[in-house]
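Chains as they are written, first to last, in numbering that gives the first Met the number 0: chain A, 0 to 434; chain B, 0 to 434; chain C, 0 to 434.
Please note that a few of the clues may not be correct.
All copies of an identical chain are treated as equivalent in the list; a pair is satisfied when it fits inside any one copy or across any two copies.
[Claimed, not checked] Listed next, the in silico BS3-like pairs over lysine-lysine satisfying Cα-Cα at most 27 angstroms (straight line):
#: 1; residue 1: Lys60; residue 2: Lys26
#: 2; residue 1: Lys60; residue 2: Lys253
#: 3; residue 1: Lys426; residue 2: Lys26
#: 4; residue 1: Lys253; residue 2: Lys66
#: 5; residue 1: Lys414; residue 2: Lys401
#: 6; residue 1: Lys425; residue 2: Lys26
#: 7; residue 1: Lys21; residue 2: Lys60
#: 8; residue 1: Lys120; residue 2: Lys89
#: 9; residue 1: Lys371; residue 2: Lys401
#: 10; residue 1: Lys66; residue 2: Lys89
#: 11; residue 1: Lys26; residue 2: Lys66
#: 12; residue 1: Lys31; residue 2: Lys21
#: 13; residue 1: Lys31; residue 2: Lys235
#: 14; residue 1: Lys253; residue 2: Lys419
#: 15; residue 1: Lys253; residue 2: Lys363
#: 16; residue 1: Lys401; residue 2: Lys235
It is worth saying that the hints were derived from the structure and are not from the lab.
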Amino acid sequence: MRVACIAVLLVIFMASVSFAAKDPCLKCHEDKTPGVVEYWRASAHFSAGITCVRCHGADEKASHSRKAVVGAQACGTCHKGEFEEHRASKHSIGTKTGQGCTRNLPDSREKMRTCDHCHEKGTSTPIVNTECAMFLAQSPEMQRQGCSSCHSVEQRCDACHTRHGTDTVFAGLARTCGVCHMGPDHAQLEMWESSMHGALYSSGQVEGAPTCVTCHMAGTHNVSRGIALGRPAYQKDTERAAMVDICARCHTRKMAERSLADADAIEEQSRVFVDEARQIVEDLWREGLLEPSPSEREPHPLFGQSLVVGPHMLYEGLSSIEAKYFRIKMFHYMSAFKGAFHQNPDYSHWFGNAPLKLALSEIKSDAEALRKLSALQGRIDNISRAGFGNYGGEEGTVDKLKGDLRQLRERLLNKEITEKEYRSEKKRLLDSMGL
Amino acid sequence: MRVACIAVLLVIFMASVSFAAKDPCLKCHEDKTPGVVEYWRASAHFSAGITCVRCHGADEKASHSRKAVVGAQACGTCHKGEFEEHRASKHSIGTKTGQGCTRNLPDSREKMRTCDHCHEKGTSTPIVNTECAMFLAQSPEMQRQGCSSCHSVEQRCDACHTRHGTDTVFAGLARTCGVCHMGPDHAQLEMWESSMHGALYSSGQVEGAPTCVTCHMAGTHNVSRGIALGRPAYQKDTERAAMVDICARCHTRKMAERSLADADAIEEQSRVFVDEARQIVEDLWREGLLEPSPSEREPHPLFGQSLVVGPHMLYEGLSSIEAKYFRIKMFHYMSAFKGAFHQNPDYSHWFGNAPLKLALSEIKSDAEALRKLSALQGRIDNISRAGFGNYGGEEGTVDKLKGDLRQLRERLLNKEITEKEYRSEKKRLLDSMGL
Amino acid sequence: MRVACIAVLLVIFMASVSFAAKDPCLKCHEDKTPGVVEYWRASAHFSAGITCVRCHGADEKASHSRKAVVGAQACGTCHKGEFEEHRASKHSIGTKTGQGCTRNLPDSREKMRTCDHCHEKGTSTPIVNTECAMFLAQSPEMQRQGCSSCHSVEQRCDACHTRHGTDTVFAGLARTCGVCHMGPDHAQLEMWESSMHGALYSSGQVEGAPTCVTCHMAGTHNVSRGIALGRPAYQKDTERAAMVDICARCHTRKMAERSLADADAIEEQSRVFVDEARQIVEDLWREGLLEPSPSEREPHPLFGQSLVVGPHMLYEGLSSIEAKYFRIKMFHYMSAFKGAFHQNPDYSHWFGNAPLKLALSEIKSDAEALRKLSALQGRIDNISRAGFGNYGGEEGTVDKLKGDLRQLRERLLNKEITEKEYRSEKKRLLDSMGL
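Next up, chain A with everything else stripped away, as it sits in the complex:
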């Protein structure tokens, strides 16, 4: 029996050696990249006879010009289930799929809820077109090192799995998820690590202490399972129930449900503050008080010279108030509710709620200061215009006119008035000054 077993293993080994021996890449790469070859030889791929060309393709020229990178699709030819789960999850919306951008999620841009979002019209041919303002506004180097390093997970299994090896332990580590899921915009690694869950795990004393995969990849590569937030109404309950099932392995259902419901509420409450801040920014824009105004900036890569405060808001060329709003929605709001979902009181409160409310205070206070300054300017303009122009200076009158014209132009850009209305109102303004 034992002899038979060994014989079978030997046959498999011999077979794989002979498979491997046939691979044309090894001739050079055993010398040039011995580490890679060695790592592959220790893998289950080697034992199963999966050689270089099987994944990289047989086109030597393409391989050597970086055109034969092994994408998720290639892995998916064998690992079908995992690939489909992966593509059904939020991990599948990167910068390279469809009108690629996580900011182009259907609910954020209504017009994109169609087949045309991802496929060429009337076909099933996928579009690959990065339509992500924040990405497009960066240098190629920052795009590569700062954006695509993470936002290529839709097509890269080796974002989590080590390359050339098949060891799955590494892919399951919280630190592996954390390479992307960290930092001011979504500090999931830090939240988990300093929560009771992370403390239990890092103690090495508690078997089954929860890491990222425990809750977010329970038997699936669909990392969106169990996340109710942002789902259409008909999915919310199913997803929440799936998560509570996982919590219930250690906690009572009631406790888990209440904790997640609290996090839901914190998300809603925090969003109200974000919306309040956004309203102030939009009001100031209508009052012509954003400095620089959108019409004075580099055009936005997707929306030109209009005010953009939605998902495609940039972080460059903003007025001070908008910069504060950007931090509120991208950093503080995210920490407030994600901290609650990850059972981290400090992230929810001190990295989230407190700075969120502090920054909202500041936006309101600063808006009033801008209005006060503008009112003063208006009063001096009045004095100047009423015959004291030679003392207050023409400057004031000209400033007022410039401001009125700029505001008019922005209303046009934002399609609040027609081209015709614009021209007529512009004429009226110039006439009133005798110009």
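Here the structure of chain A is known, so what remains is to put chains B and C in place on it, guided by the hints.
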């Protein structure tokens, strides 16, 4: 001998099994919460015959409606010494004891240094009344997930000890303390972890490398032992000596004393900067330059519409200058001196001293800008009032009057003037404008 | 053979015991600091007969008054190679060597590229003179705990190596480097720890997973090997090649070269933003719009009352705009490029690029607000001066004069005009007002 031993163990085991068997909860809970039951069975509590009802009480209805949570007092019936030490420490001042709030420490609010602070007048019956402005200003969900998660340690032994088990290793981990002791307001976990002490510990190479409990719980559950800061003068030396004894296990006494004295000095120096910033905020308030002014805000939960910059300062509804002050005292000041006490140069300097001084710079600079804007407003008011009103606009005159009346009202709210003085001065102001 | 070996070891052991026995310190220190003695007895130093006086010197009085601290030079008498490598690296420029300060690197202050920078004129006697503005502006306690804790590495081998022991494992831990290399100014520890490199290492699964020393101390104590950035042109290629050699142990050369070239580009691009911000600060200064102006501040320890925005910029006594600029260059810029060099997308993008561009936005926006306020002031001054002085108030005219005189004085301090030009222009200004 060995046989005898086994016999004794067997008797204990049988006894505990029979104890356990009698517990009415197990009937259902072995099915409903098997993990919990299993964890308890592996504990010293089980061996000693401590069953569910002993801690949770025999009132089934109460237990099932979350009214029979096992508080510290329950643990204290057996663990007397630990409970008394715990209650003698700063860990005993949460939101649920007396006029519960760490911000209500005696030295911060003089009037509370009496028995009535914690007991009903003339009795020993404890008061439970959360009088904590920052807590009261939050939503119930944020109170639960952001505040009480940590600020319930006075009544929860399971904040540190795992529930249902009796393993003490987990309670002693730095990461366990760190679930609450982290973040911008007091980053003790981060400070220790990235100090030489934490580096030694995490290397796993140095036996006895110091973690939180080494210095702060040396043979006691009184976590305040050895902390001289904030103590009345007669206690300072004893506490400092207790800490130096611990340092002296590895370092020379001289070195430890000098290092702690440096941290004392850094605390004092940093406090001077905080006070300087606070003075500027108070001056601006007296000059009527905080925008929004306290009288225009939601009333403070404890002090109504007066300016609050002390321990009960809120982080919502502030003017921009106050928001900066809040960060100075709650974040930068804390990092500067706590970093020094935890031997972390980067926290003391770059997370503490540098941002503290930067923000103080900004407060001063911004205060001058507010004053400049206000002076301009005053000068335009003068021009308007002096006969150019029709040009400068009535607006200016009305603004001035409104400001004067608002300032008057705030002096009343803050009890700087009497109701009578308020009415008389208000009349004078309105008369002067012919109103 | 084996017996002979044991005999030799025994002789060495006996010899070292007898060496040790002769040391005069042990008599007392075995009682007073038993931990230290025990640690030393377990070290290779003990086995080799290196006793207390060999490193601390035989001057008992000096030793007891902290004058005989064991500096790097003392270690260097035996460990010659390591000492020379250490002194050839950036680790050798602290606050105690030459015109000590990392901010005094040759390329930042041209005049210091001479022998006199580190040696008394015409001799080889080293100068020890801390000429570091940021250091000099701090209290002695902050200097000790916040600055010198790290910036003494040039003379302290025990900054990394444990004291009295000779175990080298601890010195090689990333956490040991991280005690200094962390925080907002250079978060190398955090960058590595949350990168794929750090994730591999902390998994404990990957032999040879890279830590700090893998790349920065490959067979040398010269930690600057392989760092091309900031080098003169003729060294750049050699250093880069040395680093790529290390990368190539695991990666293809092409991949490593492209990744490092991207980081180079990100550094350059980020520096352009820093320079843009700096230009705005300098422009505002020339327009007299920094509040407080340099002439109203505590004198700078090295450059008196002129504007300092270079390497010796302070973080105290600044205007709000300068405070923002300080954060840009010391925090955001550093994260942007160091994050890229350490393969951490989140640090490069979200801790670096995004806040850098946000703060640049704010500086531009705030500069315009300052200019607007100043223009208003000018217009009111015009009204006042032109015969409405009694209405606009003398205040305006006096403010204008004060501003002009202050600006004049700063041009003198900054040596833009001569003393004579200053006096003549000052007279003209005063005359024009009839003063």
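Against the structure, the hints come out as follows:
1. For the identical chains of this complex, Lys60 and Lys26 are intra-copy neighbours only, at 16 angstroms inside a copy versus 70 angstroms across copies, given an alpha-carbon limit of 27 angstroms.
2. In this assembly of identical chains, Lys60 and Lys253 lie within 27 angstroms of each other by CA distance solely across copies; the values are 16 angstroms between and 60 angstroms within a copy.
3. For a Cα distance limit of 27 angstroms, the shortest separation of Lys426 from Lys26 qualifies neither inside one copy, at 78 angstroms, nor across copies, at 87 angstroms.
4. Only between protomers do Lys253 and Lys66 lie at most 27 angstroms apart by alpha-carbon distance; the minimum there is 14 angstroms, versus 52 angstroms within a single protomer.
5. Within a single copy, Lys414 and Lys401 get their C-alpha atoms as close as 20 angstroms, which meets the 27 angstroms cut-off; across copies the closest is 39 angstroms, which misses it.
6. Proximity of Lys425 and Lys26 under a CA criterion of 27 angstroms is satisfied in neither setting, with 75 angstroms inside one chain copy and 83 angstroms between copies.
7. Taking identical chains as interchangeable, the C-alpha atoms of Lys21 and Lys60 lie at most 27 angstroms apart only when both belong to the same chain, with a minimum of 19 angstroms there against 73 angstroms between chains.
8. Proximity of Lys120 and Lys89 under a CA criterion of 27 angstroms is satisfied intra-copy only: 24 angstroms inside one chain copy versus 59 angstroms between copies.
9. Both within a single protomer and between protomers do Lys371 and Lys401 lie at most 27 angstroms apart by alpha-carbon distance, with minima of 19 angstroms and 14 angstroms respectively.
10. Proximity of Lys66 to Lys89 under the C-alpha cut-off of 27 angstroms is restricted to the intra-copy arrangement: shortest distance 26 angstroms within a copy versus 41 angstroms between copies.
11. Within a single copy, Lys26 and Lys66 get their C-alpha atoms as close as 21 angstroms, which meets the 27 angstroms cut-off; across copies the closest is 64 angstroms, which misses it.
12. Taking the shortest Cα distances, Lys31 and Lys21 sit within 27 angstroms of each other inside one copy (18 angstroms), while across copies they are farther apart (58 angstroms).
13. In the homo-oligomer, the alpha carbons of Lys31 and Lys235 lie at most 27 angstroms apart only across protomers (25 angstroms), although the nearest pairing inside one protomer, at 52 angstroms, exceeds that limit.
14. Proximity of Lys253 to Lys419 under the C-alpha cut-off of 27 angstroms is found in neither arrangement, the shortest distances being 62 angstroms within a copy and 57 angstroms between copies.
15. With identical chains, the CA atoms of Lys253 and Lys363 are never at most 27 angstroms apart, being 40 angstroms at best within one copy and 51 angstroms at best between copies.
16. In this assembly of identical chains, the alpha carbons of Lys401 and Lys235 never lie at most 27 angstroms apart, being 51 angstroms within a copy and 51 angstroms across copies at closest.
The earlier numbered hints that this structure contradicts are 3, 6, 14, 15 and 16.
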